[in-house]
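With chain A's structure known, arrange chain B on it following the hints.
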Amino acid sequence: MRLGKRRLGTLVLGVLFLALIAGLVACGGEKSTESTTGTTQSSGGAGATGTSAAGGSGSADEPVLRVGALLSLDSIQGVEMKKWLQLFAKLYNDAGGWKIGETTYRVEPMFYDVGMWDATKSRSAVEKAVLQDKVKYLVCNWGDIPAETLSVTEPNKVLWLGLDFVDDSVKPTLNYAVRAQGLFFAQGLFYYICQDYIKQGAKSVLVVCPDTQQGHVGAQLVGATATTAGMQVLDPIFFSADTADFSPIATKIASQKPDAVFFSYVAGASLINAIGALKDTGWKGFILPGELDGETLNNLVAKVGKEYVEGMETGSYDPRPVEKDPQTLNYIDAYQQQYGDWHSEGCFWIGPWFIFEDAINATQSTDVDTLVAYLTSSKKGVRTLTGYSQLFARPDLQNYKTVDSAPGHYIGVVRDGKFEYLETIACKDQYLSSIKVYGLKDVYQKYWDEYGYPEFPDQPARLDFSDL
Amino acid sequence: MTLQLFLQILVNGLMIGAIYALVASGFTLILGVLQVFNFAQGQFYMLGAFATYAVASVLGAPYVVAILAALAAMALLGILVYFSIIKWTLRYGFFHTMLATVAFGTIVGQAAVLKFGYSTAVVAAVVDKTLALGGVSLNSGKLLVLAGALVVMGLLYWFMRTKIGVAMQACAENREVACLQGINAGKVFWVTMAVGCALCGVAGALVVPVLSASTNMGQLIFLKAIIVVLVGGTGSMAGALLAAFLVGIVESFAFQYVESFAPLVIFALVAILIYFRPGGLLGKPLPIPGQ
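Respectively, the protein sequence lines represent chains A and B.
Last residue of the first sequence: 468 in this note's numbering, with the numbers rising by one and none dropped.
Last residue of the second sequence: 291 in this note's numbering, with the numbers rising by one and none dropped.
Here chain A stands alone, though its shape is the one from the complex (with noise of 0.2 Å):
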């Protein structure tokens, strides 16, 4: 067969852009994880949705242990909590594999992309995970939709320990269910920094949220918390996630004149252009960004300058300037050794694993049932990348297993163009802070009558029982 010069020219530049392709995909990708995809004795192999990657050699006939995580990839959570739960299968299978009774298990995490809370891909992603690879724990998630995840894992008896930033997943129906990040018990940074605003002489604040789901639910957590700690809170403002130039959205802020602005759930570069094109406006005030990562921090001043942002207090999800926990550190230097450089996205979201991890070491078996005997009496907390998390009940729901997580977080304030680590929420501020905002103390005081008053982690606590 012969080719002509313009056709084999063509083909040369086709085969050219496809390596151009390759070579990106190839130089952003994980750098030494190994693909076992099906090749385990449990079940069959994954397939088009479920992708599997662990680090160590493993053989056919070896006790597999598998994590599913239910994850859109589209999102920057998504890929860092993959990343995240990759390595820690990686540390567990380099080691020789994790030990949980008398059986070592190989650890192979189970990826799903769900795309971003898309109902559809929610359920068939579920589906493949729970009826076709027979996984049978859920760790972690983001971007699925929990309502329809839970449809199919708990007459599965499969156990779920994800986020869910409504309550469909801490219902007293629910078995197999344990929301172990959530943000019902995380009003603690909010309160925090509300109180520290007032101090200097904020009065009104007015919240800045996309129009999502999480959007939505922020305004009204945020607004709750801000009115608790004593601010008047304006009507929030919503904008539409395609949003590119945020000139009008600052100029109805401006127009509103508040004292603070909080900004919830607006990240990366919204949260830079949004603070820029706020700066435009001539606005001066108090700004709270719900997290603030490093980078985005260094970019922001050096959009906007670093008097612009001076005494910004913000939370933060970077355990690197904070943490002084050995086995911590021990994660932080793997992460930068086995990808390079370090995002601090999926530290947060990535709590579910330390409560599934505790959750097994604790009972030395892979039975749901004891793990979820186990998770749902807690009465602990449990070390994550982000501090301690705790699990609690929700006596408000008539729940009173321990089903829902206060989460660790970290707050800090910016002084000259840089993060100043303040400290860390207690998981008691955030539990206590939390039912005072939502004004549940009676319910939780009946509660605690019975059941007696929750044990915290030993942290430093800002709020006392007789401060609700």
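Bear in mind the hints are in silico, worked out from the structure with no lab data behind them.
If a hint is listed, it holds; no wrong ones were tucked in.
Quick list of the computed label-pair ranges, beta carbon to beta carbon:
| # | chain 1 | residue 1 | chain 2 | residue 2 | range |
| --- | --- | --- | --- | --- | --- |
| 1 | B | 4 | A | 307 | 23 to 33 Å |
| 2 | A | 298 | B | 161 | 41 to 51 Å |
| 3 | B | 278 | A | 195 | 50 to 60 Å |
| 4 | B | 3 | A | 341 | 42 to 52 Å |
| 5 | A | 307 | B | 5 | 19 to 29 Å |
| 6 | B | 7 | A | 242 | 17 to 27 Å |
The beta carbon of each residue, even a glycine, is placed where N, CA and C say it ideally should be.
Chain B only, in chain A's frame:
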């Protein structure tokens, strides 16, 4: 509403319109001449922004050099895409080409995520001052985008009057007749891809000192570019320009009153316009496959 607030919202709309104009002009050019609905158009905008970041911030070259580099890189990539994808799918029809560009756009988007993660790329502002005129704040960087958009449109206007530009217009008008007149359609097509993609590259380059670059910026703006093309009319550069500013202004005012329902207002107005003028303000109706 005070006059000051009214003017501020109007200015905001013009600034947004300038960004839309740059992205939509490349999109409408390709749609008009090649009759290719290029779903990857937003990704050229994103790549242009990152190319500018790489040249200006990483290599430390002057910003003007970075703009030229983004322009050249996107033009070359456009040519590559034409010869490796568009040319081969074009013969099978509208939908094949459209799906091919969807695939290409998805690959580029995901490759960018894998390469750059969800990092934000910031290029130092070329001019960093906020001017205040009668209480209306004007970001000098955005004014530069507006000026840049007008200059690019002016150059495009001139280009469309050159020999190749006229040939492009002829192909857009009637491809068969243009070929019968001796116009080399193949050459016109790859030049169109180069120019259309280069326009997006320049858009990304102009915008990146004002709005930070992120790997999803192409997806975010693409829907707006489609709206602008629908309003302006397929293949009409003047229409795209007019529509871009109209959409920007409507978006800006609508946000002040209905916030996140602003896109709904825009879609409603577009629906009404398309009902009465299927070809948009200054163009012709979208090509219907098979007709």
